[in-house]
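Chemist: If you read the protein sequences in the order shown, they are chains A and B. Counting from 1, one number per residue, gives the positions in the first sequence under my numbering. Counting from 1, one number per residue, gives the positions in the second sequence under my numbering.
For the record, the hints were derived by calculation from the structure and aren't laboratory data. If a hint is listed, it holds; no wrong ones were tucked in.
Identical chains blur together in the list; that is why a pair holds if it fits in one copy or across any two.
No more than 27 Å apart at the CA atoms, straight line, and that leaves these computed lysine-lysine pairs for DSSO-like:
1) 99 - 4
2) 9 - 110
3) 490 - 436
4) 133 - 164
5) 478 - 92
6) 205 - 228
7) 55 - 9
8) 4 - 50
9) 228 - 204
10) 50 - 9
11) 55 - 4
12) 338 - 193
13) 99 - 55
14) 384 - 338
Number of protein chains: 2
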Amino acid sequence: MSEKLDRLKEILGEVSDLQHAESVLDWDQNVNMPPGGSEARGQQLATLGKIAHEKSTSDEVGNLLEDLKSEITDSDSDDAALIRIAARDFEKAMRVPAKFVAEQAIVTSKAFETWIEAKGKSDFTIFRPHLEKVVELVREYISFFPPANHPYDTLLDDYEPGMKTAEVQTIFDNLRPKQVELIKAINSAKQVKDDFLHKKYSEKKVWDFGEAIITKFGYEWSRGRQDKAPHPFQTTFSVNDTRITNRYEVDNPLSTLYSAMHEAGHAMYEQGSNPAYERTPLAGGTSLAVHESQSRMWENLVGRSLPFCEHFFPELKKTFPSQLNGVSVKSFYKAINKVESSLIRVNSDEATYNLHVMLRLELEIGMVEGKFAVKDLPEIWNAKMNDYLGIVPPNDAQGVLQDVHWASGLMGYFSTYALGNLVSAQLWEKINEDIKDLDDQIRKGKFDTLLGWLREKVHIHARKYDPQELVQRVTGSKIDAAAYVRYLTKKYSDIYGL
Amino acid sequence: MSEKLDRLKEILGEVSDLQHAESVLDWDQNVNMPPGGSEARGQQLATLGKIAHEKSTSDEVGNLLEDLKSEITDSDSDDAALIRIAARDFEKAMRVPAKFVAEQAIVTSKAFETWIEAKGKSDFTIFRPHLEKVVELVREYISFFPPANHPYDTLLDDYEPGMKTAEVQTIFDNLRPKQVELIKAINSAKQVKDDFLHKKYSEKKVWDFGEAIITKFGYEWSRGRQDKAPHPFQTTFSVNDTRITNRYEVDNPLSTLYSAMHEAGHAMYEQGSNPAYERTPLAGGTSLAVHESQSRMWENLVGRSLPFCEHFFPELKKTFPSQLNGVSVKSFYKAINKVESSLIRVNSDEATYNLHVMLRLELEIGMVEGKFAVKDLPEIWNAKMNDYLGIVPPNDAQGVLQDVHWASGLMGYFSTYALGNLVSAQLWEKINEDIKDLDDQIRKGKFDTLLGWLREKVHIHARKYDPQELVQRVTGSKIDAAAYVRYLTKKYSDIYGL
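For reference, chain A alone in the conformation it holds in the complex (with noise of 0.2 Å):
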């Protein structure tokens, strides 16, 4: 076993190289690329993925695999696992032909630029046929797959493994009445003030404030680093190597604080995956969900708490004394946590973020199934955003047009989003029963316990366990909305009175 095994491991780490080559490409086309680099960076990026594609569908990883997964004897070890999870990798790259493959990027890079001119003409006529045929593909892909119980359970698998549409559907329905109940009580209550949020800052002090915040949450400088980049990401050459970008936006510039405790938050994720999984499909993250758990975690629980900002505000406002004269922490709290529906799901707050995700996940599914035409797409929108936030886009670049995500081809994406926010909630509670002064600690700026036990319990283990059976092994329960929602409940009845 242990021959095969090598080579197999010796075979995927070439393939872990080649991604991790393309990952440095991608992230280097976002963050400096000069703009003529663009046609020949992409025939750069196809190269290393058709490379990384052929190597990893070889008949020789396939027999390799073949021949390991009946040897598997202990079937917890790091090896079972990782045998285990090539396998499915492996199972899954083998049923999408290459030709499919070259087809999609096609489409999709078109639909692409069609999207930016949608959005900036603001209609969605002009990105409709793109995203018919994006549609399309999608649905050719789910037919290259076993029949699931619902088709949809393709997509989703590839975000989240394992994780069913059904499931989803239950958390979202469970969740959807709350959320829709305590936005409506708290839109009958008094308003927040947050106009010193939207005042004049220097961009300089934010960001390097920003640096202050996730250096002493514990990124790790020396394997890693922050640039500027049209969007906030993160994004991992090797476990020492992960990076993260932000932006300034003139009139939210304290948002390039929470972006950066976001990105943070996923990149030590990434710091923390067992070092002994580099090269293997092991290392990294095992789902958006959980990713996004501890990105939102950092973002949210901690970042946005009050006993969070009782440790950084008043340093805040030694650096901005003009802007932040005369509030107080409580209300620097209150305005930072501002509940108004709006239109963009990126600017929207958590209490509302979610329904803007159920929104983009019922309509998938209905494209999926057929029960929804591209063309109506608009109209459903803007009915679904009236049901569940009362408002109404004016135009389509606010509406169905805002997201990049379809005009890419990703669908089965968004729903991680929402999960996330649920499994950070979900976590937060077990880490508030294993950290008694958890609060405290915040108080004092000191996170390195919850920082170690985020990376004993989710980060070491990197791919080994999927996300359902991560978050069962480490809060007793799988993902589950009650937690999220005892936590908008309290955190908001405190801010707004309820």
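Knowing the structure of chain A, use the given hints to seat chain B on it.
Modeler: Chain B only, in chain A's frame:
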């Protein structure tokens, strides 16, 4: 033929993509990478290099080249050149066993580490056993190739295709006494003043000034960028993404300007490569000497000329009024052309630079021939320094240990630096025949005619013509020292009143 050629281009296109991906990873390592990233980066580069090597030495490539070679009809066509150069690259790559390449990577990686330590402690004995191993490998490398007139020919050919050791020796034997004589004459003249070059300057202002200069030269920022790195270098990811790096030395602040001109010279050569050659072996620069002719031309024949000083010095003085207070254009011109026998090649002036190079070439040839033992190098080095420049290094760090090349396994490389100087002067004479008012244009800050000439005569051809053939086509003679001697004599006669 066309089907086979298309297939060859397809494979070589992927090889080119892999090599450019390597360049991106290497650039990132020098410019951005956090320290933790280095181990994984080494692995990623090794994997990309291995796959590129496998792809470019496959039986399929060999067979295609064999078939295509016999089918060439028009030997001056681009396709014929592509097949010729691809076949040469293939034959070279085939001769070197993968095992040897892997061993060499390990030996030079260790040698590099040890060189840093040895240089730090200025102790050649630490480096000696590693250099002995490197020389052994270099001689083994030579043994993979058919015997040449001189064993050193094999090394030289990797950097200057087609160039022979005897040719270089003849050129240098002709040049050496003239440079030595010139330096003697300068040494007995009155030394120029340059204290104002070593005052404190603002790093940001110098950096911006350098960028303004190379913008005027014609370096296209939409297809490039400049970043800070430990050493200035130029790298190419595609004809539309050629980047440069630079540094700032507190004790020699304006060297940043000349490094910018130098690296932009390299980059403009790459930016001018025929776009039709992209993703083929014809793309890029034809040899290191021709590359260096471009960088040295912009740095020295343009950048250190009196007309250019007349153009840019007023602006420089406006930018640094206190540092350059009371300094005239002519005294600035003299200062940046100050000749002084010095120990370090990279800091040396135009009059002495080539002698540093000749010394290294003689040592390399001696080592390859087995005439010089590694243990005797410091002594030989110091004796030759005394012969050529009349100075003796006080320690090995400032002598035999100063350059990284040998530690990295690079032998056969050094002479291209001097050859590049010679070619720059040959081209310059021809350019001045073709562009009668070149000095006037430079005095007015107009560089488009010059760059246009270089694009048409040199850049566009990329690797299509070997260096000697290219120089012959453009200037009417092969690489030769006469023009450079004329250039140096005229310049320094004026500056030092010889």
